Amino acid sequence: MSESKSMILGCAGKSLTEDEIRFYRDEHPWGFILFARNIGEAGQIRDLVASMRDCVGRPDAPVFIDQEGGRVQRLRPPLAPNYPAGGALGALWRDDREAGSRAAWLLARLHAFDLSRLGITADCLPVLDVPVEGASDVIGARAYGKEPNPVIELGRASAEGLMSGGVLPVMKHIPGHGRAFADTHFALPTVGTPLDELRRHDFAPFKALNQLPMAMTAHVVYSAVDPDNPATTSAKVVNEVIRGEIGFDGLLMSDDTSMKALSGDFPTKAAAILAAGCDLVLHCNGVFEEMSGIASRTTALSGKSLQRAARALTYIKNRDVADEPAIRAEFATYFEAVA
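With the numbering used here applied, the sequence shown corresponds to residues 85 to 423, in that order.
What the hints contain is simulated information worked out from the structure, not anything from laboratory work. Check the hints yourself; a few may be wrong.
Quick list of the computed label-pair ranges, beta carbon to beta carbon [stated by the list, open to error]:
no., residue 1, residue 2, range
1, Asp333, Glu281, 18 to 26 Å
2, Ala384, Thr417, 17 to 25 Å
3, Glu182, Ala413, 15 to 23 Å
This one's a predicted model, so the numbers in the text were calculated from it and none came from an experiment. In this text, a Cβ means the ideal position worked out from N, Cα and C, and glycines have one as well.
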């Protein structure tokens, strides 16, 4: 791992091009991420994942995916059922807290079954954002609730379900995306909420779950902390809020650098993210020229970042012996997943 560079990269299609193979072998990304464009049938996905790892010579190189349920779900039938979004789990929790938490664990454990059989070892879940009325729908029904308590309980259950199945959870979007009034795929939102309210509402789920191994930043400006930079490129937010107040000492990755919320060219973005204190730069869209720009300014994982990366991988070593048909049958008593 000492030779790995501090970045997670995607690829353009369902198999690697010769240029991508050479690039990954030369640049040694720490991990990879899959999107819908990379998803075909099961054997193709397993081959793609294996070829990614072969390029960097690390069988344990993590491969990430966004598999939440609802509209953010990269694996679809027949690879995986259409699962409910986080908001449906929150609605169940409000009626019956024990049932809601159990269903969240079961769903995450099912994600782990679905991902593990394809060689995918990390899921960008749980979503710990707490939306407010009128905020952009970029989070919306993905959230477990509009108050911290259900988000904490269901987020914890989801993370534990993934880890029980040997899959690494990534909580997002630290320190909270729920007040963003713009979609960060297209614009940079600014949140002007006072710090005390952010602590009570937005930061609370991340602080409660600060022992989890990985987190993804929010491309959001919190003017009460740093009016000039989004969290992803703000040393003040990373050091004072994420590492300080929230107390998260796990592996910190940026949200996708190809989103329009971040300004500047790709080398500039990568340098700013690492300078702010993030451990890893994430680039998702597979555009070769953009990945080259990211790689030009990322450095080898070292120091605390290397330690955090090594520690994160220990969370995916131990898989339980849960029976998949039994888990699916129990989940069906709460939700009818659509095949």
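Next on the checklist: Check the structure against each numbered hint from earlier and tell me which ones fail, lowest number first.
Outcome noted: 2
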